[in-house]
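So you can see what is in the structure, the chains are spelled out below.
There are 2 protein chains.
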Amino acid sequence: MENQPNLEELKPKIKLGMKFWLEFENKSILGSGWAKLLKNIEKNKEGSLSHAAKECNYSYKYAWNILKRIEKRTGKAIVITGKGGRGGGGWVKLTDWGLYLLEIYQKYLNEITKIEKKLGETMKIS
Amino acid sequence: MENQPNLEELKPKIKLGMKFWLEFENKSILGSGWAKLLKNIEKNKEGSLSHAAKECNYSYKYAWNILKRIEKRTGKAIVITGKGGRGGGGWVKLTDWGLYLLEIYQKYLNEITKIEKKLGETMKIS
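Line by line, the protein sequences give chains P and E.
Going by our numbering, 38 is the number at position 38 of the first sequence; the sequence numbering is gapless.
Going by our numbering, 58 is the number at position 58 of the second sequence; the sequence numbering is gapless.
If you are wondering where the hints come from, they were derived from the structure by calculation, not from laboratory data.
Please note: incorrect hints may appear among the correct ones.
Which copy? The list can't say, so a pair holds if one copy fits it or any two copies do.
To be verified - Computed cross-link-like contacts, DSS-like style, restricted to lysine-lysine with a CA-CA straight-line distance of at most 30 Å:
#, residue 1, residue 2
1, Lys61, Lys45
2, Lys72, Lys36
3, Lys107, Lys27
4, Lys15, Lys83
5, Lys36, Lys83
6, Lys83, Lys117
7, Lys118, Lys54
8, Lys19, Lys83
9, Lys124, Lys83
10, Lys117, Lys45
11, Lys83, Lys118
12, Lys76, Lys124
13, Lys83, Lys13
14, Lys114, Lys15
15, Lys114, Lys61
16, Lys19, Lys76
17, Lys54, Lys72
18, Lys83, Lys107
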């Protein structure tokens, strides 16, 4: 009675959906957007938060609030700031704690990316 | 100025959070609850939907609606039903399409479980 499914036709319509993040004491502290901001801060040689924020399409203020929110939730500084620097007007740099969180997130992301390859399915990370 | 984070103390407070599901044509069709229902149907030798639903703490009707929703979203039957059987009153069984979806989900879950082991972090799947 049952028709055999035409898997060749159906398979491309199936996707693996996923959302992932880091938690600290059960509070969400780092999802894909916030991790991208930290990564942009890390790679920005001038320590410009404006530039790092811009790459995420965030305003300076929005980015700053994200940093403060992560710090509040973990109870520890994730950035240090200072005056002056090449661009003038101040610089920002990840602390060891900020780097540590980013590192865990990146390892996590790496492992997740491997699943897509291994299972041969399209993954949609949101 | 910056205090070194005491990672031994902080690390146990960090968890990997995750939510994952299957999509068909961009519609969610199988998350952890619905997949558990399909699994319970598959392993129930008598084909009792009541029993399978009960193991998920779902009512018969709630479970039935889930099955119909997946069928509507994929355009294909995921169960076949019949009258009689050991328990009387009818049986339910996964179609090849239902089994196929469950299999993809299980493989996906397996790979995700490996991440927890590999990274040595606690994972919280919701």
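Outcome of the hint check:
With identical chains, the CA atoms of Lys61 and Lys45 are at most 30 Å apart within one copy only, with a shortest distance of 20 Å there and 59 Å across copies. Within a single copy, Lys72 and Lys36 get their C-alpha atoms as close as 19 Å, which meets the 30 Å cut-off; across copies the closest is 37 Å, which misses it. In the homo-oligomer, the alpha carbons of Lys107 and Lys27 lie at most 30 Å apart both inside one protomer (20 Å) and across protomers (29 Å), since each shortest distance falls under that limit. In the homo-oligomer, the alpha carbons of Lys15 and Lys83 never lie at most 30 Å apart, since the shortest distance is 47 Å inside one protomer and 35 Å across protomers.
In this homomeric assembly, Lys36 and Lys83 come within 30 Å of each other (Cα to Cα) only inside a single copy, at 24 Å, whereas the closest approach across copies is 55 Å. Taking the shortest alpha-carbon separations for Lys83 and Lys117, neither the intra-copy value of 45 Å nor the inter-copy value of 43 Å comes in at or below 30 Å. Taking CA atoms no more than 30 Å apart as the test, Lys118 paired with Lys54 passes in neither setting, with 34 Å inside one copy and 34 Å between copies. With identical chains, the CA atoms of Lys19 and Lys83 are never at most 30 Å apart, being 37 Å at best within one copy and 41 Å at best between copies.
For a Cα distance limit of 30 Å, the shortest separation of Lys124 from Lys83 qualifies neither inside one copy, at 41 Å, nor across copies, at 40 Å. Taking the shortest Cα distances, Lys117 and Lys45 never come within 30 Å of each other, neither inside one copy (33 Å) nor across copies (35 Å). For the identical chains of this complex, Lys83 and Lys118 are neighbours neither inside a copy (47 Å) nor across copies (41 Å), given an alpha-carbon limit of 30 Å. Proximity of Lys76 and Lys124 under a CA criterion of 30 Å is satisfied inter-copy only: 23 Å between copies versus 32 Å inside one chain copy.
Within a single copy, Lys83 and Lys13 get their C-alpha atoms no closer than 52 Å, and across copies no closer than 33 Å, so neither meets the 30 Å cut-off. In this assembly of identical chains, the alpha carbons of Lys114 and Lys15 lie at most 30 Å apart whether taken from the same copy (15 Å) or from different copies (20 Å). Taking CA atoms no more than 30 Å apart as the test, Lys114 paired with Lys61 passes in neither setting, with 35 Å inside one copy and 39 Å between copies. In this assembly of identical chains, Lys19 and Lys76 lie within 30 Å of each other by CA distance both inside one copy and across copies; the values are 25 Å within and 27 Å between.
Taking the closest pair of Cα atoms, Lys54 and Lys72 come within 30 Å of each other only inside a single copy of the chain (23 Å); across copies the shortest separation is 42 Å, beyond that limit. Taking the shortest Cα distances, Lys83 and Lys107 never come within 30 Å of each other, neither inside one copy (32 Å) nor across copies (52 Å).
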